[in-house]
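Could you use the hints to bring the two separately framed chains together as a complex?
Chains as they are written, first to last, in the numbering used here: chain A, 1 to 257; chain B, 1 to 268.
Think of the hints as simulated: they come from the structure by calculation, not from any bench. Positions of the beta carbon are idealized from the N, C-alpha and C atoms, including for glycine. A hint or two may mislead.
Stated by the list, open to error - DEER-style ranges, computed between Cβ atoms:
(1) Arg-249/A with Ala-251/B: 29 to 35 Å
(2) Leu-184/B with Asp-155/A: 38 to 44 Å
(3) Phe-177/A with Asn-232/B: 18 to 24 Å
To be verified - Examples of chain B residues lying across from chain A (beta carbon under 10 Å, computed):
(4) Ile-111
(5) Phe-197
(6) Glu-205
(7) Pro-220
(8) Thr-254
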Amino acid sequence: MVVAFDAPIVYMLGLAFWDKTRGFTLEHYENLLETPVYLRVLGNTMRIALIATIANVAIGYPLAHWMRGLQNRARLIAIALVVLPFWVSILVRTYAWIVVLGNGGLVNRALLWSGLTDAPVSFLYNELGVTIGMANVLLPFLVLPLFAAMIRIDDRLLQAAASLGAPPRTIFWKVYFPLTVPALAAGTLLVFILCLGFYVTPAILGGGRVPMISNLLDTLINQIPRWEQASAISTILLIVTLLIFAAYRRLDRKASA
Amino acid sequence: MIGGSPWARRLLATVGVLALVFLMVPIVIVIPMSFSSARSLTFPPPGFSLRWYETFFGDAQWMEAMWTSAIVAAVSSVCALILGGLAAYGLRRGSFAGRDWAEGNFMAPLIVPTIIAAIALYLGLAKIGLLGSFAGLLIAHTILNVPLVMMVMGVAIREFDIRIEQVAWSLGASWSYTVRKVMLPNLAPSVFAAWIFAFIGSFDEVIVTSFIAGKYNTVPKKMFNELILEVNPTITAVATLLIGLTVLALAAVTVILARAGRLKQTLV
Numbered sequence: 001m002v003v004a005f006d007a008p009i010v011y012m013l014g015l016a017f018w019d020k021t022r023g024f025t026l027e028h029y030e031n032l033l034e035t036p037v038y039l040r041v042l043g044n045t046m047r048i049a050l051i052a053t054i055a056n057v058a059i060g061y062p063l064a065h066w067m068r069g070l071q072n073r074a075r076l077i078a079i080a081l082v083v084l085p086f087w088v089s090i091l092v093r094t095y096a097w098i099v100v101l102g103n104g105g106l107v108n109r110a111l112l113w114s115g116l117t118d119a120p121v122s123f124l125y126n127e128l129g130v131t132i133g134m135a136n137v138l139l140p141f142l143v144l145p146l147f148a149a150m151i152r153i154d155d156r157l158l159q160a161a162a163s164l165g166a167p168p169r170t171i172f173w174k175v176y177f178p179l180t181v182p183a184l185a186a187g188t189l190l191v192f193i194l195c196l197g198f199y200v201t202p203a204i205l206g207g208g209r210v211p212m213i214s215n216l217l218d219t220l221i222n223q224i225p226r227w228e229q230a231s232a233i234s235t236i237l238l239i240v241t242l243l244i245f246a247a248y249r250r251l252d253r254k255a256s257a
Numbered sequence: 001m002i003g004g005s006p007w008a009r010r011l012l013a014t015v016g017v018l019a020l021v022f023l024m025v026p027i028v029i030v031i032p033m034s035f036s037s038a039r040s041l042t043f044p045p046p047g048f049s050l051r052w053y054e055t056f057f058g059d060a061q062w063m064e065a066m067w068t069s070a071i072v073a074a075v076s077s078v079c080a081l082i083l084g085g086l087a088a089y090g091l092r093r094g095s096f097a098g099r100d101w102a103e104g105n106f107m108a109p110l111i112v113p114t115i116i117a118a119i120a121l122y123l124g125l126a127k128i129g130l131l132g133s134f135a136g137l138l139i140a141h142t143i144l145n146v147p148l149v150m151m152v153m154g155v156a157i158r159e160f161d162i163r164i165e166q167v168a169w170s171l172g173a174s175w176s177y178t179v180r181k182v183m184l185p186n187l188a189p190s191v192f193a194a195w196i197f198a199f200i201g202s203f204d205e206v207i208v209t210s211f212i213a214g215k216y217n218t219v220p221k222k223m224f225n226e227l228i229l230e231v232n233p234t235i236t237a238v239a240t241l242l243i244g245l246t247v248l249a250l251a252a253v254t255v256i257l258a259r260a261g262r263l264k265q266t267l268v
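Excised from the complex, chain B in its bound form (with noise of 0.2 Å):
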């Protein structure tokens, strides 16, 4: 703020570094202590070695929640993309009663406590006699990502000018060719952006996974599972490749943002 002593402001900035570091340090420490030779978690690491990677890559149950996750996260967020997709679509260019209402039903996910989203699928999948199934992991992943694709993709559909829609119709195009040939190219990164945001979304997701899969085990339920007995050095491997899987995602969404919006500015 302009003015303020030099003390206070000195003040300011060390509460501030020191918050950030705060926010970093589980992240900072994880990665380095994913390398450790020892046994046990001590930092720093006495020595380095690949051995708890060696471990991870090496043990079938881990693979075996590997592919799981990795097939829910890419079935769930493309039924997310396409559902969410057509919804953010429909209450952005519609106008029909119930509007807001329905808005905050398709966001309804995100603002109520998971484990009461984990409560409700669990009885819900129960009674339709799904729990369990690998179908119900599907459905209850995709329901939890569609608000992640709807907050995305409603932007990206409000800045798209509906004129642009609206000269393809008037020239004739079909609306099947309108979406592939005016509006897909056009919305392609926010499309991208959301499909990687839905990915993560699943591919982290432990809480409602915990209550409903059943037998099958992701990633994350696997860890969660095994916290919960002892505290495991593999994990630490595990946690940092799933930090390096959120960093890329993230790096990814922000160069595709960042061209698209460079890009638009060309055009003008």
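Next comes chain A alone, as it looks inside the complex (with noise of 0.2 Å):
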């Protein structure tokens, strides 16, 4: 029963990797290399992938920590805050950035009426935009392992610490915060992960001025058909993709055992 079922998806991976069978020659990979436009776009994305990162971890890791100190019912409530947007659509929040930011949008409309600002500041169709938004749509897959991973720090051994004179720096730092580095470096790595194969919100965001890898890569399948590049620069990114994976899970093991 198995055997039969796994064939469908046995199928779908062989056309998940079929790029690789069309990569036989390596002439596809020199011209990846040549042409500055891709590398250019390469950085891109990794510049504002590690951006969004470390902006996710900023934010997450202080209100996975907050949620942890929190009583029962304030608790159920900001995991359910954390949860809905989750779920909720990607294309929905990133449209709702729209909204937001946009020069009628409620953040300028705070900053003219603060008088911070005499002009709307652009936040959209630029980089800073879609690092808001990468940021946002991302945040739930490091909060909700990383205060899984806080939750099952024993509070006695904190205690413990306390009661041997260590001041609540020491004990933060000594003896808390490296049992989180686990769960805290496995999200990290999700996230990047995450950030790297983004589609929808440079799509949306960026206006099309903020090209990532995963635009290039519609650009090179829908428009210019030139699937061979394609299937190259899809098979680095997957191989990028699992590789950092792989660390991730080895992470994450570490942090659930």
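Below is the structure:
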């Protein structure tokens, strides 16, 4: 039975790796290295992914830490507020940022009203908007596993440290933080992987002006049909993703052990 | 954390609340905007009106997209449920060489960046001549949703005591009788939850659909295509409807699983 139902999936994997068989020549890879546009998009993607990931950690870690300290009821509400956006379509959340960040949107209204700026700040159709959108969409992916790991830390461990005379700062950095590192690292890698392959948010919030790998692939498939080139880029992206994912799995096992 | 100065705690709480606000802002803003009477996207909305909902429900193209979405989601989620459920059962109960490999296989669509899945499916479907066909769309959505079903069903099957099945068999129940009368009633809440996840997964899918659907329009695909061209307040109404659907689905899952958990406790 298992074999019978495994067949379509194996077939799918065959399809997923189809592009590899096309890459029997290295010509497309050489082409990739020789074309500055591809390299620039690659660099762009890496930079945005890195910034969005760092922003995620900077926001996500305090949030998860704060949620750990909440009482039952407040904690449940906080969890619900993190889980709900996780399930709402990425498309919807990305679109919402157009509404929020647009020239007549909430943020610009507030800025104008407070007198911080005289003219609307343009958040949309540039890297800033894309980064904000991506950080927002991916935040639950970091917060949920991190929170799960923090919950597992035994309070008595922290009390023991305190009873031995350690000041709060030392307890945090020497006891608490090291215990959360595997989960933090795993979550960070996961967010980074997701950033690399992101398509919807850069396409909408970037307005075609912030090209990332996925949008380049879209162009190569749908507009100027150069399937071999797209396949070569896909293969590289896939290998990078799987490598990072392998590292993630190792860290994740460590985090849940 | 225990200890810590009040000042540090207050700072942490502020950051925490701000982070939650940051997470919820898109959802909270879109809903009132969809009832705006203004032609442009200004916040706060100058007046209340249902005009964008009227535009949406009065538009033949949107309605057609909604039907396509609903049919694709309904069919592909059931296919994914059957495939993923059987796979989860086989992987949990069976012990055979390459089990880990098979499991990785099934879960792959969740890990591989969607854009790569989209390209692979595009090339694959083009090869077998199903690119742009309805069947191709159904196949793609089914494959993408199998991992979701497996995650939910895997947990449920692991928690379901194998001895109950063994008792049924030893009492002479046939395989299909065991499935129908013993397993399904016990696993029903998880089956339902998995189905809802798969349905939502399909209903929200945009990237793969944009690549392979050809002339077929689903709601997210149409929304995405319109967004790239111009921002149109009708989309705010669509977004609100999608949020509503997600909230309903999540609420249903929570209630069902909570009730099942309580049921288990009362039985024990």
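Structure-based check of each hint:
1. Our hint of 29 to 35 Å for Arg-249/A and Ala-251/B holds, since their Cβ atoms are close to 33 Å apart.
2. For Leu-184/B paired with Asp-155/A, a C-beta distance near 42 Å keeps the hint of 38 to 44 Å intact.
3. For Phe-177/A paired with Asn-232/B, a C-beta distance near 47 Å fails the hint of 18 to 24 Å.
4. With a cut of 10 Å, the hint placing Ile-111/B at the interface with chain A holds, because the nearest CB-to-CB distance is about 6 Å.
5. The closest approach between the C-beta of Phe-197/B and any C-beta of chain A is roughly 9 Å, which is under the 10 Å cut-off, so the hint is satisfied.
6. The interface hint given for Glu-205/B holds, since its Cβ lies 9 Å from the closest Cβ of chain A, which is under the 10 Å cut-off.
7. Because the closest C-beta pair between Pro-220/B and chain A is about 5 Å apart, less than 10 Å, the hint holds.
8. Contact between Thr-254/B and chain A, as hinted, is supported at the beta carbon level, the nearest pair being about 9 Å apart and thus within 10 Å.
Of the numbered hints given earlier, the model fails hint 3 alone.
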